[in-house]
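Participant: Note that the numbering used here has the sequence shown beginning at 1, numbered continuously upward.
Quick caveat, the hints were computed from the structure, so don't treat them as lab data. A few of these clues could be false.
Once the Cα atoms are required to be at most 27 angstroms apart in a straight line, the calculated BS3-like pairs of lysine-lysine come out as [said to hold, decoys possible]:
1) 104 - 194
2) 298 - 104
3) 9 - 198
4) 2 - 198
5) 2 - 202
6) 287 - 198
7) 284 - 194
8) 202 - 9
9) 252 - 194
10) 202 - 100
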Amino acid sequence: MKANDVYRKTFQFVWMKLALGGCATVFSIVLGLILLGISALSKNEGVIGFSMMLWLGASAGAVGVTQYYIGYLLKAGHIAVVTHLVKTGSLPEDQFGYGKQIVKEKFATAAAYFAVDRLVAGAVRQINGTLNIVGSFLEKIPGMDAIVSLAKTFVGIALGNVDECCMAYTFYHEDQSYFQSAADGVVVYFQNWKTILKDALKTAVTAVVISGVAWFFLMFVIIGILGVLGVPGILGLVVALVLTVMIMMIVKSSIMDSYTMVCMVCSYLRVAPTTEITFDLYDKLCKLSSKFESLLRKAEEAV
1 MKANDVYRKT FQFVWMKLAL GGCATVFSIV LGLILLGISA LSKNEGVIGF SMMLWLGASA
61 GAVGVTQYYI GYLLKAGHIA VVTHLVKTGS LPEDQFGYGK QIVKEKFATA AAYFAVDRLV
121 AGAVRQINGT LNIVGSFLEK IPGMDAIVSL AKTFVGIALG NVDECCMAYT FYHEDQSYFQ
181 SAADGVVVYF QNWKTILKDA LKTAVTAVVI SGVAWFFLMF VIIGILGVLG VPGILGLVVA
241 LVLTVMIMMI VKSSIMDSYT MVCMVCSYLR VAPTTEITFD LYDKLCKLSS KFESLLRKAE
301 EAV
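Can you build the whole structure from these sequences, using the hints too?
Facilitator: Put into structure tokens, the structure is as follows:
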């Protein structure tokens with residue numbers, strides 16, 4: 001099944017992420033209007049400054065709670081459903097209920113999922129750094145520093161969801177402990193990183209271009225609306241920038257990140273089931289990554 005079809009069939013999770021982000025944005029706008037009214041009535045610079053600080057702090061807190069905690073658990077459920085769809089070719093009747101059930105059955109608590117995901121993410125970062133991936137594509141040519149730097153940026157974006165791929169492996173192998181299947185998932189990635197990177201770069205370029213265009217368009221629209229409302233110049237720019245950042249964070253985490261995650265998981269799961277794990281790689285990866293060594297040690301303790 002193509003990644004676009006998987007993304008479309010599991011779009012319920014994207015709507016839920018957007019709804020969470022929308023709640024945070026509405027909260028920020030309403031609070032901003034209230035504080036703006038108080039500031040306008042007081043005409044005191046101290047009150048205006050305090051109101052701005054309060055608005056920024058409350059807005060950041062709202063985004064943090066919705067996107068980085070509730071959204072994190074939603075992502076786990078989304079990965080579980082995507083894995084089920086790729087593995088079986090069918091969707092569970094209740095996607096949210098299935099995702100919640102599988103994550104709970106596999107990891108018991110959110111804390112356990114967070115702990116394993118952090119270990120996997122750390123191991124992947126360390127391994128990618130050792131692989132010197134960009135060096136495999138660009139030779140060390142004088143004057144290529146800027147291109148190499150840009151290439152590294154795109155590789156970083158492209159491989160931003162590799163840890164989610166490795167977590168998908170834990171859902172794919174229901175009979176193993178989550179530590180063992182997560183460790184195996186990292187090894188499978190290491191054996192197939194060139195194939196996975198090739199697919200991931202295509203998705204990353206598309207995501208960056210669309211996000212860039214959307215960012216500038218949204219910024220100008222918000223500045224125009226604030227201008228019509230009579231919000232002063234500098235204050236209007238600050239408010240427009242904050243609202244643009246908030247909205248684009250929500251769009252990115254809900255729509256773009258979900259799309260890149262689904263594409264990468266599908267690419268990963270195409271090669272994972274047929275990959276014969278080379279067991280001597282465990283020792284090699286332990287030498288490359290302390291995080292992987294810790295993950296493998298916990299897998300051995302769980303046996």
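Participant: Give a verdict on every hint.
Facilitator: Cross-check of the supplied hints:
no., hint, in the structure
1, 104 - 194, "violated, 33 angstroms"
2, 298 - 104, "holds, 19 angstroms"
3, 9 - 198, "holds, 24 angstroms"
4, 2 - 198, "holds, 16 angstroms"
5, 2 - 202, "holds, 15 angstroms"
6, 287 - 198, "holds, 26 angstroms"
7, 284 - 194, "holds, 18 angstroms"
8, 202 - 9, "holds, 21 angstroms"
9, 252 - 194, "holds, 26 angstroms"
10, 202 - 100, "violated, 31 angstroms"
Consistency with the previously given hints fails for numbers 1 and 10, ordered from lowest to highest.
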